[in-house]
Amino acid sequence: MTAATAPVTTGVPRISAAQQRAERMARIRGIIFAVIGLAGFSFASGSMGSDVTFRFWIQEQGGAAWEIHTAAGLLWILAGVTTGVGGIYQLWKGASVSWRRWMALALPFWIAAIIGTLLAGKPAVMTNLFGGSLEYAFPIAMGAFAAMICERSGMLNIAIEGKFLLGACVASIAASVTGLVFVGPIAAILVGVGVGWLMAWMAIRHRVDQIIAGTVVNFGALGLTNFVYLRILQLNTDINTPPTVEAIKVPILSQIPVLGPVFFSGTPYLYIALITMVVLTYMLFKTRWGLRLRASGEYPNAAGTVGVDVIKIRYRAMMLAGAIAGFAGSYLSLHSAGSFQMNMSAGKGFIAMAAMIFGGWNPIGAFGAALVFGFSDATQTLLSSLGVDVPPQILTSVPYLVTIVVVAGLVGRVRGPAMAGIPYEQG
Amino acid sequence: MSGLRKRLRPLLVPVLAVLSAFIVGSLFLMLSDLKHLAMIPTDPIGALTGAMGDVINAYRALLLGAFGDPAKFALAFQQGTPKAWTTALRPITETLVAATPLMFTGLAIAVSFRTSVFNIGGDGQFVLGALGASIVALAFRGMPAPITLVAALAGGIVFGALWGFVPGFLKARTGAHEVITTIMLNYVALQIVQLALRTDFLRQSTNSQPISKVLDFVRVPLLIPLPGLRLHWGFIAALVVAALISWFLFKTTKGFELRSAGQNLTAARYAGMSAGGSIILAMVVSGALAGLGGAFQVMGSVTQMSNDVNSGYGWTAIALALLGGTRPGGVVAAALLFGALNNGGHGMQVATSIPLDLLVFIQALVIMFVAAPDLVRKIYRLRPPKPEVVPAATEGASA
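In the order they appear, the protein sequences are chains A and B.
Start counting the first sequence at 81; every next residue gets the next number (my numbering).
Start counting the second sequence at 672; every next residue gets the next number (my numbering).
Honestly, the hints are just simulated from the structure, not real lab data.
Misleading hints may appear alongside valid ones.
What the hints assert, rightly or not - Facing chain A, according to a computed beta carbon distance under 10 Å, are these residues of chain B, among others:
#, residue
1, Arg844
2, Leu893
3, Pro896
4, Leu897
5, Leu1046
Built from N, CA and C at the ideal position, the CB exists for glycine as well.
Given these sequences and hints, build the entire structure.
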């Protein structure tokens, strides 16, 4: 196409600057992958003798198990080969190669090789590792969905963290006072909607910068929940001992060997996250609501011109996001910890934003990113439970570093909604 | 008279914002007062007056904790002993100690806001500045104290500036949104600090907590030679830095470029200024200021590096920059106010056992009211102001 539009006199097809850049990046990427692959390969010789066991429970925790035995060296070879071949292929074919597929192929081998080497012969219980990843992933995925709905509508929402805290606090109190589990999440949703409305009202009605509005909510939620905890909950522990949400085994499906204990023996929260992912994907990309929402975030003036009420859409998006984030907050107090604790979200709201970006503002991608981040958490738990001395800080930093790399476009740029964070003036 | 009025007018909204925040705060204080809430069915008037009395007591304790007790000052004048003076001066000096890091981070954020860069990474830059100062101080241990101190302060500046440079560079070169990158870098900085505190070089081996060796050998000189008072030269340094930043922003070409980039990036570009350069410079200066604040904190107010050397100074700084209208003088005033709130909060917590965290909530409310001036004007039925230049911080900061 570029050849057709190029001036005829030059005779050679011209390449645009963007294409040139892409080719250059592809070359750099190819070289980096090839070198990393070689490095992985070089680890193999030293670890051929060390055994690795991956254990999956077939039905029950501690019951019959299915095990894979292999040598750490073999895993390193596989990691090195997949990465190296991917790099060479990229060098050969240039920018047209989908490097993400190669990464997706090579990454599991890398993780397996690293874990296998670190464990040094102890068995890795993969059922717990995968199940744990899903558990950790839930709040992150839901937070990412919430942030995504806002950004798709053109609102930058950095207050997921604050909504988690408020949701957790309110859910614990509501469920404790009434003694009914389901009241907790409902109360958390209501509070989330309220806070979402407040943010939208500040940002749209009073022109408060959206980042400032988010800061207000994060800061205020932290102060308020700490205050409530110290002033009320600490002295009256009976209103901070909620009935907890227990795991439910899905009939039939949980009986599937190996997969059942991982996917179908979790809490209702997990199933809700999966349903939300599917419904949200459909809503965003297949319905009129989704089209209008995305139009508000990409080109609000055009949307406004054809009669879409951008303001109303943004209000509703903020409230829906508040509901989702508040609900996810209830998970923290009603499941993970069994009560509300001060600052218990511990930065998960910001990791959720990271997952949204890493997942390319797309529900399925965000869920995948949340799983990756959850996996790094679960790995950390596994390693520390087996007494492997790896500084946890390195694994903890991974989601943050990955996000920086991704937003900077160093590895495969992702692009968010064009108008996220920019106020819309109704003409 | 009218001249004075004109001069006081810009103060109206901030003052009313603080007032409103305290009113809302007292509502929450009353709503969380279970003892008096339980009295409502039997004795509603007693419950109300009792709750209000508690609120007044709390705010009184806050004031005494922040500025000191006049009775103790009188006693100090009578007795004239160092001990009496220490007791009298302690609250007000502690307020200044609490304000010092806030002044640095507030100025840092104000510089970035002026350039329309949203530096949310004050926290990370602050802790890394503190870490850098600790590392340099320990490395220079044994050298003459003044040299070590200057080197350590420089270390804090460099570490902070580096942590500001990264998001600035990424924004200028790749367009990566600085809000996202600085938030992420905050967490990375925390992890770096924790990792560093595991090393034998930094860690105090006798302590089971991850805390560094005592840095008292490079302690920033104290301002008042009375035992028990922590006020150090870092406070004066903060005032000097504020004056320097004011001069830099409003009297130098580079400062003008930064402000131009903040007000209208496109226009600045057409005028031949380097937008990317301005963004990077603003972030480096911003990071350096926050890092210097961290250095003074770890060698002045506290003497050991630990995970909690920073208590949300980077986030509070956003409030300060807004409250002070992104002007250095305003930021200093706002930092003194918030220092008084934080320090007075301690007094309140001790005297009335009302959690200090109420002040965090009140500070959030202050940001909200300051950021929404038309809301404040509506509540108090003020006339709208004459059209003026919109401060950079509230305009297009996320572009």
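Status of each hint after checking the structure:
Using the Cβ-Cβ criterion of 10 Å, the hint placing Arg844 (chain B) at the interface with chain A is satisfied: the shortest such distance is roughly 8 Å. Below 10 Å, beta-carbon pairs count as interface contacts, and Leu893 (chain B) has none with chain A, the closest being about 32 Å; its hint is therefore violated. At its closest, the beta carbon of Pro896 (chain B) sits 37 Å from a beta carbon of chain A; the interface hint therefore is violated under the 10 Å criterion. With its C-beta approaching chain A no nearer than about 33 Å, Leu897 (chain B) sits outside the 10 Å limit, and its interface hint is violated.
With its C-beta approaching chain A no nearer than about 5 Å, Leu1046 (chain B) sits inside the 10 Å limit, and its interface hint holds.
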